[in-house]
Amino acid sequence: MKPSPASVLQHSFTIETPGRGFTEITEHVRRLVRASAVQAGLAHIFTRHTSCSLLITENADPDVRKDLERYFGRLVPDGDPMYAHDAEGPDDMPAHVRAALTAVSVTVPVAGADLALGTWQGIYLWEHRLRPHRRHVVVTLVGC
Amino acid sequence: MKPSPASVLQHSFTIETPGRGFTEITEHVRRLVRASAVQAGLAHIFTRHTSCSLLITENADPDVRKDLERYFGRLVPDGDPMYAHDAEGPDDMPAHVRAALTAVSVTVPVAGADLALGTWQGIYLWEHRLRPHRRHVVVTLVGC
Amino acid sequence: MKPSPASVLQHSFTIETPGRGFTEITEHVRRLVRASAVQAGLAHIFTRHTSCSLLITENADPDVRKDLERYFGRLVPDGDPMYAHDAEGPDDMPAHVRAALTAVSVTVPVAGADLALGTWQGIYLWEHRLRPHRRHVVVTLVGC
Chain G
12 MKPSPASVLQ HSFTIETPGR GFTEITEHVR RLVRASAVQA GLAHIFTRHT SCSLLITENA
72 DPDVRKDLER YFGRLVPDGD PMYAHDAEGP DDMPAHVRAA LTAVSVTVPV AGADLALGTW
132 QGIYLWEHRL RPHRRHVVVT LVGC
Chain X
12 MKPSPASVLQ HSFTIETPGR GFTEITEHVR RLVRASAVQA GLAHIFTRHT SCSLLITENA
72 DPDVRKDLER YFGRLVPDGD PMYAHDAEGP DDMPAHVRAA LTAVSVTVPV AGADLALGTW
132 QGIYLWEHRL RPHRRHVVVT LVGC
Chain E
12 MKPSPASVLQ HSFTIETPGR GFTEITEHVR RLVRASAVQA GLAHIFTRHT SCSLLITENA
72 DPDVRKDLER YFGRLVPDGD PMYAHDAEGP DDMPAHVRAA LTAVSVTVPV AGADLALGTW
132 QGIYLWEHRL RPHRRHVVVT LVGC
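Residue numbers (the working numbering), protein chains in the order written: chain G, 12 to 155; chain X, 12 to 155; chain E, 12 to 155.
Hints may contain errors.
A pair counts as met if it fits within one copy or between any two copies, since identical chains are not told apart.
[Stated by the list, open to error] The calculated SDA-like cross-link candidates involving lysine to any residue, where the alpha carbons are at most 20 Å apart (straight line), are: (1) Lys77 to Gly100; (2) Lys77 to Pro88; (3) Lys77 to Glu99; (4) Lys77 to Leu112; (5) Lys77 to His96; (6) Lys77 to Asp89; (7) Lys77 to Val87; (8) Lys77 to Trp131; (9) Lys77 to Met93; (10) Lys77 to Leu141; (11) Lys77 to Pro92; (12) Lys77 to Asp102; (13) Lys77 to Ala95; (14) Lys77 to Phe33; (15) Lys77 to Gly133; (16) Lys77 to Thr28; (17) Lys77 to Gly30; (18) Lys77 to Pro29; (19) Lys77 to Glu35; (20) Lys77 to Asp97; (21) Lys77 to Thr37; (22) Lys77 to Ala98; (23) Lys77 to Tyr94; (24) Lys77 to Thr34.
Since the hints were made in silico from the structure, they are not lab data.
Use the sequences and the hints to build the structure in full.
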């Protein structure tokens, strides 16, 4: 562990989601890291919304994402009569709850000028609304 | 994306919560960012407790926070007989579970010398204990 | 708040978990911070897996971790017939769901050349699989 001076790089992009479900963004973020001069540091990925999430999860078997969707569909049912906030439909408040139970950002180490993800880790934008949405993502690299 | 040298600034403050519920801290953090020389980077907000959370959620309709409260009240009921840890009352262990299901820190990009939050995103301290508490918050800015 | 130039230090270690449950790593991370030249900044701790978590929770009463385990055991039951992904057993998909409901990284402020944790906060690796696993952890320090 020997210190080196750090710098900051920032990039934004948008994802057109097809409605509820997962869109992998690992390669998109990886390209930004590789195109930068950052050898070691942090990659912070942030989505500027409150009804979708960013999640690191298993990237090999698509059934994992299907099961995550089933689990959250049961845990946070659409059309729950408990909610007062339903202006945008039965999936409106459930989307905010799902985002609260997960997160709108993830931070991944950068090492060897690449994302230091494990073999089975992928970065996903998880759309919680039923209809397609345009989602804004900000990637901030801090490193040396 | 061109690199600039990064620096670190840190600031602490306390929030007196009125008991369970949400206290918005967005403007407090925004003022720290604007008062700093940081143009681009990260704002990390951390609370030094295990029975409250920091959450980014919808900032327009107060019903969203009321519905989040209702949802978590049902998901993590107070006085659950399953718990061994109840020294501080029926909301003691539920507060730790709620903090585990959410998080004690959030990280937001700084861009253009301001928080790069989406239009509908606010930063909230979420008190999980029923009684008022004094909560410590540490803001760390890393950027250039 | 006056700015100082930031640097990056990175360290990896492995944890041999005894199966489902909590392994505290606070002192391990604290030693890395104290051995570094970082006075103020951020400590990012990341695990390179999708079936364990990193969690900041109460460090005084072991019943808190037992209750968290009981709560998550009830919220995300093993052997749930809803799942398609069960190649590695009845705890396979539940481990991914638990990791999604919590997180695979935590970020803690560094202040005064030490972790700025609250008195009752500890950092834990939470193994979600029933059997022992070797878990990789990456610590990235960004600060000055």
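Hints, one by one, checked against the model:
no. : hint            : result
1   : Lys77 to Gly100 : between (23 Å within a copy, 17 Å between copies)
2   : Lys77 to Pro88  : both (16 Å within a copy, 17 Å between copies)
3   : Lys77 to Glu99  : between (24 Å within a copy, 17 Å between copies)
4   : Lys77 to Leu112 : both (17 Å within a copy, 16 Å between copies)
5   : Lys77 to His96  : between (27 Å within a copy, 9 Å between copies)
6   : Lys77 to Asp89  : both (17 Å within a copy, 17 Å between copies)
7   : Lys77 to Val87  : both (15 Å within a copy, 16 Å between copies)
8   : Lys77 to Trp131 : within (16 Å within a copy, 28 Å between copies)
9   : Lys77 to Met93  : between (26 Å within a copy, 10 Å between copies)
10  : Lys77 to Leu141 : within (15 Å within a copy, 23 Å between copies)
11  : Lys77 to Pro92  : between (25 Å within a copy, 14 Å between copies)
12  : Lys77 to Asp102 : both (18 Å within a copy, 17 Å between copies)
13  : Lys77 to Ala95  : between (29 Å within a copy, 8 Å between copies)
14  : Lys77 to Phe33  : within (9 Å within a copy, 28 Å between copies)
15  : Lys77 to Gly133 : within (15 Å within a copy, 30 Å between copies)
16  : Lys77 to Thr28  : within (16 Å within a copy, 28 Å between copies)
17  : Lys77 to Gly30  : within (14 Å within a copy, 26 Å between copies)
18  : Lys77 to Pro29  : within (15 Å within a copy, 29 Å between copies)
19  : Lys77 to Glu35  : within (14 Å within a copy, 32 Å between copies)
20  : Lys77 to Asp97  : between (25 Å within a copy, 12 Å between copies)
21  : Lys77 to Thr37  : within (18 Å within a copy, 35 Å between copies)
22  : Lys77 to Ala98  : between (27 Å within a copy, 15 Å between copies)
23  : Lys77 to Tyr94  : between (26 Å within a copy, 9 Å between copies)
24  : Lys77 to Thr34  : within (12 Å within a copy, 30 Å between copies)
The structure meets every hint from the earlier list without exception.
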